[in-house]
Amino acid sequence: MAAIDFKDDSAIVIIGSGAGGGTLAHELTRRGIKVVLLEAGKRQSLNSFSQVPGEAFTQLTWLDPRTQSGDWGVARDFPTLPVWHCKTVGGTTVHWTASAPRLRPWELRAHTTYGNLAGTSLIDWPMAYDELEKYYKIAELRMGVTRRNDMPGLPASNNFKVMYAGAKKLGYKQVHTGHMAINSVISDERGYCIQQGFCVQGCKMGAKWSTLYTEIPDAEETGNLDLRIESTATRIEHDRQGRVNAVVYRDREGKEQRQEARLVCVAGNAIETARLLLLSESAKYPRGLANSSDQVGRNYCHQITGFVWGIFDKPIYSWRGATLAGVVEDEVVNQPQRGFVGGYRIELLTLDLPTLPLVGLPYGWGRDFASIIDNYRNLAGLFINGEDLPRPGNRITLNSNVTDAFSLPVANVHVDEHANDRAMRKHAQGQMSKMYEAIGAKRVVLGPVPPATHNLCTARMSADPSDGVTNAWGQTHDVKNLFISDGSVLSTPGAANPTLTIVALALRQAEYINRQMKAGEV
Amino acid sequence: MTRFPDSQPLDRRRFLKTTGLLTGWVAAGSSLALMAPAPARAWAIDLVVLTSAEGATLMAVARTIAPHDKLEDAAYALVVQAIDGEAAKDEKIRKVVRAGAAALGSDFAKRDESTRVGALKKIDSSEFFQALRLKTLQVLYATPMAYTYFGYEGEAFSQGGYLSRGFNDLRWLPEVPLQDSGPVPS
Chain A
16 MAAIDFKDDS AIVIIGSGAG GGTLAHELTR RGIKVVLLEA GKRQSLNSFS
66 QVPGEAFTQL TWLDPRTQSG DWGVARDFPT LPVWHCKTVG GTTVHWTASA
116 PRLRPWELRA HTTYGNLAGT SLIDWPMAYD ELEKYYKIAE LRMGVTRRND
166 MPGLPASNNF KVMYAGAKKL GYKQVHTGHM AINSVISDER GYCIQQGFCV
216 QGCKMGAKWS TLYTEIPDAE ETGNLDLRIE STATRIEHDR QGRVNAVVYR
266 DREGKEQRQE ARLVCVAGNA IETARLLLLS ESAKYPRGLA NSSDQVGRNY
316 CHQITGFVWG IFDKPIYSWR GATLAGVVED EVVNQPQRGF VGGYRIELLT
366 LDLPTLPLVG LPYGWGRDFA SIIDNYRNLA GLFINGEDLP RPGNRITLNS
416 NVTDAFSLPV ANVHVDEHAN DRAMRKHAQG QMSKMYEAIG AKRVVLGPVP
466 PATHNLCTAR MSADPSDGVT NAWGQTHDVK NLFISDGSVL STPGAANPTL
516 TIVALALRQA EYINRQMKAG EV
Chain B
421 MTRFPDSQPL DRRRFLKTTG LLTGWVAAGS SLALMAPAPA RAWAIDLVVL
471 TSAEGATLMA VARTIAPHDK LEDAAYALVV QAIDGEAAKD EKIRKVVRAG
521 AAALGSDFAK RDESTRVGAL KKIDSSEFFQ ALRLKTLQVL YATPMAYTYF
571 GYEGEAFSQG GYLSRGFNDL RWLPEVPLQD SGPVPS
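In order, the protein sequence lines correspond to chains A and B.
To convert, note that position 291 of the first sequence is 306 in the working numbering; the numbers rise steadily by one, no gaps.
To convert, note that position 101 of the second sequence is 521 in the working numbering; the numbers rise steadily by one, no gaps.
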């Protein structure tokens with residue numbers, strides 16, 4: 016591993032080591048480019064992952080304070096935890112459930128496809144689908160996605176058998192164990208899935224792709240990576256011309272450090288990415304970095320989610336097996352006659368104890384609440400993953416009333432649901448309930464909307480600089496040598512779990528940065 | 421099963437360093453019995469700041485929040501222990517818990533369930549109740565006793581996952597065709 020000098024202004028600084036930042040670090044370092052990778056969290060390993068659910072949550076989760084507002088259910092049900100993502104080397108790829116579907120071509124033309132919907136700020140992506148598809152193919156190979164290339168599907172678990180039977184009863188055609196970035200066979204020097212069911216706690220097999228044990232060690236091997244853990248970026252600085260030239264951060268002792276940089280890539284997950292840009296305000300950029308359009312933090316999307324549980328009179332043991340390995344894709348279509356635009360996936364899911372009563376069930380206590388858990392053996396679970404609509408008022412802002420450990424204002428997450436969001440969730444929960452009822456469920460329980468795990472669009476790519484924050488390569492419209500490299504750049508969320516898209520865009524961005532550097536453009 | 425037997429053999433020193441104690445008997449064959457050194461089947465949990473009477477009230481609150489009739493008291497006692505631990509560290513929590521328990525009255529644990537439910541419904545938006553509810557869910561459902569009770573098998577890596585331990589043993593529904601599933605590695 017390289018030790019890069021604080022004053023070395025030939026290095027690229029990447030902030031965040033998850034799907035976007037970790038992948039980008041590998042792609043740049045293998046091209047001979049020196050990278051300082053700042054990660055706010057600690058470094059875990061297959062060995063150190065806790066398999067005690069509560070402990071694992073604390074070990075991996077970003078728990079620094081945040082506030083929230085708006086009418087979404089999360090503000091009511093989980094007031095202290097608007098979003099659930101990681102603070103650890105590997106970022107959210109450590110706890111993700113590894114669903115890796117592609118967006119559909121029409122999802123990149125959301126504005127054209129859905130039209131001018133009141134209360135939304137829809138745009139089309141500034142790139143053609145073919146272009147994204149090229150990088151999807153590379154990403155799928157890299158991540159070992161099942162049902163792509165030579166990677167077989169994962170075998171059906173008990174929970175999936177229930178999903179499958181119900182889906183088939185309803186006439187669904189596209190039902191399978193999913194496109195999962197989980198090895199079904201030995202590949203990439205990693206083992207195959209042994210169906211632990213502990214995807215969210217960190218995969219101790221390393222069968223699930225995570226930058227923690229793929230991209231980051233590969234980057235380290237190049238000798239060009241300087242990974243600094245427990246290093247929290249607090250400000251990006253710029254020179255008189257307005258080009259960024261350094262990142263200020265707190266190291267593990269809380270001491271302020273300053274790393275000079277030729278170019279900066281921000282990949283801190285959509286909440287912290289937006290917050291860092293806003294925190295980096297200056298006389299030249301009074302609204303924050305890359306924010307002349309006033310779009311930084313706006314259009315926050317999180318995808319439509321929600322649990323549906325089926326209680327049966329026979330055992331399922333839903334916890335046995337890869338947590339999310341199952342999908343119905345028939346509803347990933349735009350059919351406004353359903354009462355909403357955009358599509359959704361029906362995905363397999365279950366939760367451990369004690370997470371099920373804490374996160375998965377509607378608020379309650381007493382006999383009825385307890386009776387659901389009494390049926391834990393006989394419980395099957397599903398989850399919605401649907402497209403939500405961007406709204407200018409759904410945004411990340413700085414809340415000066417609450418500060419973090421470094422006395423900086425925390426992020427406030429504001430979400431007011433659009434009627435379309437509610438209509439989609441209702442439709443999805445209805446279909447999922449029918450699936451379970453069709454095969455004899457004794458009871459169906461609709462769960463709450465959990466803290467958001469897919470945080471997107473807060474620094475979105477746009478053809479018109481006034482509509483977004485970056486161009487089609489994640490390069491900010493305002494500052495040529497400042498890039499955004501995480502889910503913040505998605506122009507719209509679509510209905511696909513976002514990690515594959517984030518990785519594909521990072522692969523593409525690395526090529527672009529390399530080209531631009533060689534051409535002397537950045 | 422006696423909730424608070426009078427004839428509990430106790431280590432005297434415990435009374436010197438703790439303020440309260442929750443005690444009980446563990447059902448034979450339960451997971452806690454398996455963990456406890458034989459032949460000790462009695463359990464006792466030290467309380468650092470809460471009194472035994474407060475502990476008894478909180479235990480009854482936990483059981484009213486999450487009533488599982490055959491789940492033994494020891495599991496609920498661990499909830500009280502966790503609350504006591506937080507109360508010992510944080511004066512604000514201690515005050516909230518103490519005041520909450522006092523408001524429910526010293527005979528709360530002896531009331532029948534519908535009376536207890538009625539009393540808790542009146543305070544279910546209070547800080548006291550919300551803290552008790554959260555702690556009950558967090559601790560109770562993570563105890564080894566609860567895992568056994570609900571059939572949850574938990575951590576699987578050390579046993580080779582569920583790959584050969586029933587991840588696909590459901591037989592009451594049709595099997596999934598291979599094209600929609602995948603080969604089981606062997």
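Treat the hints as calculated values from the structure; they're not laboratory data.
Please note: incorrect hints may appear among the correct ones.
Stated by the list, open to error - Calculated pairs, BS3-like style, for lysine-lysine (alpha carbon to alpha carbon, straight line, at most 30 Å):
| hint | chain 1 | residue 1 | chain 2 | residue 2 |
| --- | --- | --- | --- | --- |
| 1 | B | K490 | A | K457 |
| 2 | A | K329 | B | K490 |
| 3 | A | K495 | A | K188 |
**Report entry** Structure versus earlier hints - violations, ascending order
**Finding:** When the structure is compared with the hints, only number 3 turns out to be violated.
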